[in-house]
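Make a model of the complete structure from these sequences and hints.
Protein chains: 2
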Amino acid sequence: MSQTLQSVEKEFLNYVKKMTHMNEAIGLMYWDLRTGAPKKGVSQRSEVIGTLSADVFAMSTSDEMKKYIEELSVSSVYDSLSEVTKKTLDEVKKDYDRNTKIPADEFKEYVILQSKAESIWEEARAKSDFAMFQPYLEKLVEFNKRFIGYWGYEGNKYNTLLDMYEPGVTVEILDETFAKLRDRIVPLLQKVTEAGKPETAFLFEAFPKEKQKEFSLHVLKEMGYDFESGRLDETVHPFAIGLNTGDVRVTTRYVEKDFRTAIFGTIHEGGHALYEQNLSEALVGTPLSTGTSMGIHESQSLFWENFVGRHQGFWNHHYASLKQYAGSQFDNVDLESFYKAINVVEPSLIRIEADEMTYPLHVIVRYEIEKGLFNDEIEVKDLPRIWNEKMQGYLGVKPENDSEGVLQDVHWSGGSFGYFPSYALGYIYAAQLKEALIRDLPDFDQLVEKGDLKPVQEWLSKNIHQYGKMKKPMEILQDVTGEGLNPDYLIRYFEEKYSSLYQLN
Amino acid sequence: MSQTLQSVEKEFLNYVKKMTHMNEAIGLMYWDLRTGAPKKGVSQRSEVIGTLSADVFAMSTSDEMKKYIEELSVSSVYDSLSEVTKKTLDEVKKDYDRNTKIPADEFKEYVILQSKAESIWEEARAKSDFAMFQPYLEKLVEFNKRFIGYWGYEGNKYNTLLDMYEPGVTVEILDETFAKLRDRIVPLLQKVTEAGKPETAFLFEAFPKEKQKEFSLHVLKEMGYDFESGRLDETVHPFAIGLNTGDVRVTTRYVEKDFRTAIFGTIHEGGHALYEQNLSEALVGTPLSTGTSMGIHESQSLFWENFVGRHQGFWNHHYASLKQYAGSQFDNVDLESFYKAINVVEPSLIRIEADEMTYPLHVIVRYEIEKGLFNDEIEVKDLPRIWNEKMQGYLGVKPENDSEGVLQDVHWSGGSFGYFPSYALGYIYAAQLKEALIRDLPDFDQLVEKGDLKPVQEWLSKNIHQYGKMKKPMEILQDVTGEGLNPDYLIRYFEEKYSSLYQLN
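In the order they appear, the protein sequences are chains A and B. Following this note's numbering, the numbering of the first sequence begins with 1 at its first residue and continues without gaps. Following this note's numbering, the numbering of the second sequence begins with 1001 at its first residue and continues without gaps.
One or more hints might be untrue.
[Said to hold, decoys possible] Distance windows between CB atoms, simulated:
(1) B/Glu1228 x A/Gln114: 20 to 30 Å
(2) A/Asp63 x B/Ser1073: 28 to 38 Å
(3) B/Ser1280 x A/Phe202: 49 to 59 Å
(4) A/Asp79 x B/Val1074: 40 to 50 Å
[What the hints assert, rightly or not] Below 20 Å or equal to it, Euclidean Cα-Cα: the simulated SDA-like pairs (lysine to any residue) are:
(5) B/Lys1018 x A/Gly27
(6) B/Lys1010 x A/Glu435
(7) A/Lys10 x B/Gln1044
(8) A/Lys17 x B/Arg1231
(9) B/Lys1017 x A/Ala54
(10) A/Lys40 x B/Arg1231
(11) A/Lys213 x A/Gln329
(12) A/Lys39 x B/Gly1224
(13) A/Lys221 x B/Lys1039
(14) B/Lys1018 x A/Ile49
(15) B/Lys1094 x B/Val1056
(16) B/Lys1018 x A/Ala58
(17) A/Lys40 x B/Lys1039
(18) A/Lys39 x A/Gly27
(19) B/Lys1472 x B/Gly1484
(20) A/Lys472 x A/Ser461
(21) A/Lys17 x B/Gln1044
(22) B/Lys1039 x A/Gly224
(23) A/Lys211 x B/Glu1210
(24) B/Lys1039 x A/Val284
By construction, these hints were calculated from the structure, which means they are not laboratory data. All values reported here derive from a predicted model rather than from experimental measurement. The beta carbon of each residue, even a glycine, is placed where N, CA and C say it ideally should be.
Here it is as structure tokens:
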């Protein structure tokens, strides 16, 4: 590579690094707003976030960025770049194309619509009044259809939206995968429901918040979460956030009369955090220094939450300790009853409160609706009816009103279509990855039972975390498991676990 | 004003607002680093702060800024600007001139020297080895002399440095003021020392940190600190920081065996915070939205710490409550003994541990040395000797080594010359402002005794806080007190308080 090009590559990387720095500052402000920023400073802080975000957006679509992309994309030049620069270029190019193809006026109008729609949605949900939200949702869908027109699509219009969150995943793949999953969960759920619900009342007694926190910290430590690279704080809607690999923060919520929120929530967010703490140092300062997709990220949180946190061995190991933290709550509850209670399966209306088996069905309902909307097979005005029919069909429950039905999630009000499938993909990935992990660590069950989780974390870091966005989700999956997306492992997990728990045979 | 000029004014204010937004983000990162940011993320976070700071610096010296300054400074244009725009322009022009007059290469060299010098100073202080630090200090002084050459000066070279922290204050004023203060404190201190030291041992018992925090929160609330616009956190070197008027955070430090650190420290920082919480809304988004100078800021913290927090009436009101928070620590200590103990006066070596009466002498030592350095009357190599002589002369104590002498403060290692006088000015201002306050609130003593501090806070906000940088320090002083800098009120405060406390007559 010539001297000039070397210096262009260097300038480009510096330019991109500056964007990651701005994003880190934005990330800290976001974390702060959600963990105790004083109320009266919020509106001013939101303006500051707006200023910095506008700057990053401007940088991502600037003439300077265009010049870098053009110069470095010439194939003889591209071939001579380092792997990290190549992937970085691919990332920023994707953003550049997406952001510049929409006419500026239209994008501005859309941003205003998004923020209006979100506040209207809040009100509509509170009043359970879909009609109020309907015209906004119609416009949001309309805008996204037009954007797909600008962006182009392959095979199915909805693919373009899916690609934003889960590159490589298409309607063709999801139709087959989700149909299979749905068709196997629905009858299993039927059987489980008929088998009767285990005792759960003892879960809902007072468990001091301070003690929930101590137990959460203990578990995070055991998972391999590095407290010199993170901290645990309280919030309303828990999340994990990677500011840089040395500063990955977990948040949780303590509900006094339901310890599950904090414990399983912390394990879940801890799973996300391990991903961000164990990214390769070589990616620092590039947009590659984060999880490769929403779905793979979710596979990590769900792996820990369900395959570790809801594992029988985990509680063989921790139950005595939990009892101590809890005081007298579980004095008359044996381990088996406890284990059954925290794995109760029960069809319900609200996605974020669903158990692990019914959860994918909630997601599939949304997938089918979104796909229908973008293929002109479903109209927005019919959503409440269609929603309720699908819930009845797959889960056997029917919302009494739209606030516990079609209005329950914030996503659509912000124009996020194509995001929901990632949640179910995370489950499917997690089960596939677990299968591969067990090939390398055949004593996985024993490790969990001993609380020796370090080898598990290390395996995940080595096979998934370190790569960040250097590998696409499907590449990760193929490299680690030797196959593509396959729901069979998740189905088998459900069938084996719940057949045994509910003695179905 | 023409349409074009109106739009230039608007663009200029937007440009400046963006700088304040960047500074707010930097401020939050600074706060976070000092209140619990994970250790391993610090070096990366420092780079982010560096990136944003460089951006703000670039904006403050850009061609765009130059154009605004030139266009808006034309006198016919300037006269038509709003008062806020005028003062904003004055501020940014001062920065622009200061930052652009130094050749870029020289400034870069200086920045590198600063950071080296600071780490060398740390090591030198630890080893008590002035010779190690001397060449760096010499270079720092040399650079600043050259800068004064670029910047120009009036009357005395040191005035240019003073002006950075306390505009309007000159060597002429300080020579007279500090000499008077020194010549009255020194003999008073002599008498106090001869009168014998009150009992203080009971101060140094264990006072649970959690309880210190509760008492601190209680006092902050009483002072009128708005917790919806702020929060109290723990740190190593306490500070207050105004991110915006709705987000002004206080930090403190809890020393189990010396409750005074947290209590008086919190009141002190709370005084700074009240200033920042009560700035006029009209100044938001401009560089005027902060305290007008280091000295006036310090006058607010010292007013609260000493004239309220060390007031007899304050403890008449709070002592019973403090005893409850403390457990049994003060069971056998009557109010009078307690009051005497927290007002103990004792010459000592370390400035930041000094009592209110000896504190100004520590500052005067530094002032005289700095003035001598910049007028070529003192050489860096002679500093340890001169320092020790002055300490002996004014305070009657002599450092055993340079780490408790000339090496004790960080300021010089960062090239901050001209800063120290602000600390003593804060005391003098505070006493003058108190005199004016009592003219409007003649029942000040009773208000403190009743814990009815709202009128005090409101008076300070109305007369000082709201103006931010709209008024210069000397303007504030003149408008509020009707006179210029005058140390008599502080001297009288010391003489009356300590004559009575130590029964000197």
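Index of numbered hints that the structure contradicts, given in increasing order:
4, 6, 8 and 17
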